[in-house]
Amino acid sequence: MTVTDSGTSPHLVAPDELAPSVQLIRRVLDELDGILLGQRQLNRMVLSGVLARGHILLEGLPGVGKTALVKAMGELLGLGFARVQFTPDLMPSDILGSHILQNDAQGRREMQFEPGPVFTNILLADEINRASPKTQSALLEAMQERCVTLMGKTRPLPAPFFVLASQNPIELEGTYPLPEAQLDRFLFKLTVGGVNVETLEQIITTRRRGEPPKPGWKVSEQQLLALFAAMDAIFLPKAVGRYISRLAAATHPASPEATEMVRNYVSYGASPRAAIAMAEAARALALMDGRPTVGFADVKTVAPAVLNHRLILNYKAKFDGLDAFAVIGGILESLDEAQVHLPSDIAIAGATIAREARA
Amino acid sequence: MLIAAAVGEGLWQYRFHAFLLPPVLGVVWAGVALRQLPGRGSLTALLERTNNAGGLIVASSEVDISQWADAFAAARPRVVWRMGRRLVGLVASAAFMIACMAAPPNLVPPAGMNNLQIDHHVDVIEGRTRLLEERKIIPQRQASQIRKELSNISKRADAADPAKTWESLDHVKDQLSGLARRWAQDAAVAKSAAAGALEAAGNIALAQGDPAATAKAMSELSEHLAECIAQSELLQSDLAAGQIADLLKNAQLGKLSPEQIAALKEALACEMAYIDERLIELADKCMIDPQQAAQLLACGQCLGSGVSSGQEGSGGIGRGGGPTPMTWAGESDSAGVEWQPVAITPQELSPGTSMVTGISAGKPGDEQPLVQAGGSLDTSGGAGSAYTHQILPRHRRAVEAFFGPGQ
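Chains A and B, in that order, are what the protein sequence lines are. Counting with my numbering, you get residues 23 to 381 for the letters of the first sequence. Counting with my numbering, you get residues 5 to 411 for the letters of the second sequence.
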């Protein structure tokens with residue numbers, strides 16, 4: 023287990039210590055792949071987000087399986103699950119809860135707190151951008167501090183607590199775009215795409231009315247805690263940490279490592295919270311891959327999902343039809359992990375050999 | 005200094021320095037290359053990226069990865085230098101340097117590094133010599149001698165003692181300029197003689213029917229022609245040859261037909277043009293003073309103009325043409341000079357009903373353009389002949405006083 027805060031020297035977790043967690047994760051993933059067909063990559067990203075204890079914003083058209091995925095995740099992990107359909111007239115008290123006047127056992131009347139749906143483990147905030155900014159803001163404290171303060175009293179939320187929100191990229195009339203501060207609190211913004219013909223055929227032929235099967239197994243509380251403990255044992259090398267920091271800094275137009283595209287199209291770059299999110303999500307990916315250390319490839323995999331909703335592009339990007347993913351792709355391509363600026367006539371020819379060696 | 009003392013002065017000194025240069029450059033290059041070497045962290049990151057090792061290689065410098073060694077077999081990346089054109093360039097450069105170093109010393113100019121660059125000056129003097137030779141101002145033998153002298157100066161030009169070379173070049177330049185000046189003076193005499201002969205030939209034509217005047221003009225023509233032929237021989241021009249000599253005999257006998265006089269005039273004019281052309285060339289090459297050239301070009305022109313106008317001229321440079329009777333072309337018109345005052349009515353003077361359309365020295369209502377109060381009524385007279393000018397009466401006395409008797 024890696025220990026850094028206690029002052030002892032860090033060490034890697036042993037392979038046999040990591041193996042049960044890896045097996046458990048593979049089982050969860052197999053179950054998820056069986057429930058939500060044709061979304062292997064999405065399933066892995068959502069699970070990595072959960073392992074990193076981050077909130078996830080899912081964006082996709084209606085009917086692509088966003089709610090099914092979240093429900094399945096909640097059931098598989100043995101966690102409490104609540105769903106709130108966000109509408110313009112939804113009030114903060116509808117989410118957080120409210121105080122009501124009730125008689126106690128002695129017949130005295132007092133204000134009792136009635137918890138809202140936020141007091142659960144997994145909160146599905148469906149079409150979150152349809153609620154008013156007031157209601158959206160009610161989630162800010164819950165997402166960041168994992169507690170709710172009402173009438174001067176702070177109440178902790180159940181652990182673990184995740185918000186898995188969804189929003190529809192079309193029908194933007196009557197919606198309230200999430201403020202930047204709230205967007206920044208989401209670990210990932212994942213785009214849920216459609217599935218191919220084969221998957222559709224499989225859904226139609228194997229599932230009556232398209233209902234996904236119930237998971238026949240779920241993770242126990244101890245297993246879940248062991249998973250989170252294994253997450254903490256994943257080691258982040260300094261070189262990879264530096265790469266994450268450079269990656270986050272490169273999203274700012276004023277940064278010396280900013281690409282031409284960033285200087286031209288980005289108004290504001292990613293926050294330090296983005297760098298922390300990348301490190302945590304990369305740790306989760308390493309654990310899912312059965313490795314005790316985070317590699318550059320893990321960071322590159324999670325970077326688009328972590329950064330895409332945190333970059334604020336200017337009007338020129340809209341005119342030129344560029345989205346955040348194109349900007350992030352440019353940064354990943356230009357940023358050298360090793361910071362070895364080789365001359366143009368020097369090349370590294372080891373990649374092929376390495377693959378052969380690994381094979 | 006020690007190296008120079010050890011190998012001695014001369015060619016070997018430079019050769020030794022040339023051999024010393026590559027190692028020095030090599031050491032400098034190696035220093036720069038060492039400074040650019042990536043650090044250990046960068047290299048492990050490179051190895052990590054190349055092997056896609058999932059963070060194990062970069063973590064190896066911080067934690068013990070021995071437990072995971074079996075799960076991963078790292079391969080060292082191979083650094084490849086894309087030589088191509090650079091290698092070809094290097095080989096070509098080395099071959100060139102070796103060839104230069106191995107060249108026999110007699111192929112290398114021994115004092116090449118001490119040569120004074122005087123090629124431009126030699127070219128200029130060579131051009132002047134060629135001009136003088138082609139124009140027969142100097143004989144071919146003398147031109148060859150000058151060229152030989154220039155060649156010697158070039159060979160002996162030494163940067164260590166440039167004054168000697170510059171003095172030699174100046175000497176040759178002065179020599180050529182002196183020759184050119186002498187020729188120009190001879191040419192001036194020849195041109196004057198030709199101009200005199202031309203004037204005498206004109207007088208013969210004017211004295212038709214007067215035997216005494218004709219004989220006098222013939223005699224003058226003979227004298228001028230004889231002088232002219234003598235000078236032409238000096239100048240190596242074509243005038244002395246053939247026809248002119250025959251014409252001289254006829255002139256001495258007083259027997260020149262009008263056709264012969266016309267041919268003589270043409271030959272003399274050609275001679276003068278030939279001299280002018282040569283003078284201009286010499287001035288262009290800076291062999292004679294431009295002011296002197298201008299005086300020589302003007303020499304004899306007054307005589308020529310006097311002859312052509314049929315009037316007796318006083319000759320000489322800048323002394324004007326022959327006296328011409330001063331005539332006044334009638335009375336000058338008073339229009340634009342004098343006008344009667346016209347009373348302006350109060351209505352016309354009223355600022356409310358009148359406006360300024362212009363300011364004129366002329367009579368109000370006269371639409372003539374503004375006339376300046378100068379000496380000439382013709383404001384465009386500057387470009388015309390003197391005969392077209394009308395001098396205002398008030399200036400006539402001054403004009404007569406200036407151009408009056410004695411001119």
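Read the hints as simulated data drawn from the structure, not as lab findings. Incorrect hints may have been included.
[Claimed, not checked] Derived lysine to aspartate or glutamate pairs resembling EDC-like cross-links, with alpha carbons at most 20 Å apart:
hint : chain 1 : residue 1 : chain 2 : residue 2
1    : B       : LYS177    : B       : GLU66
2    : A       : LYS338    : A       : GLU282
3    : A       : LYS260    : B       : ASP68
4    : A       : LYS340    : A       : ASP358
5    : B       : LYS140    : B       : ASP178
6    : A       : LYS260    : B       : GLU66
Of the numbered hints stated earlier in the document, which are not met by this structure? 1, 4
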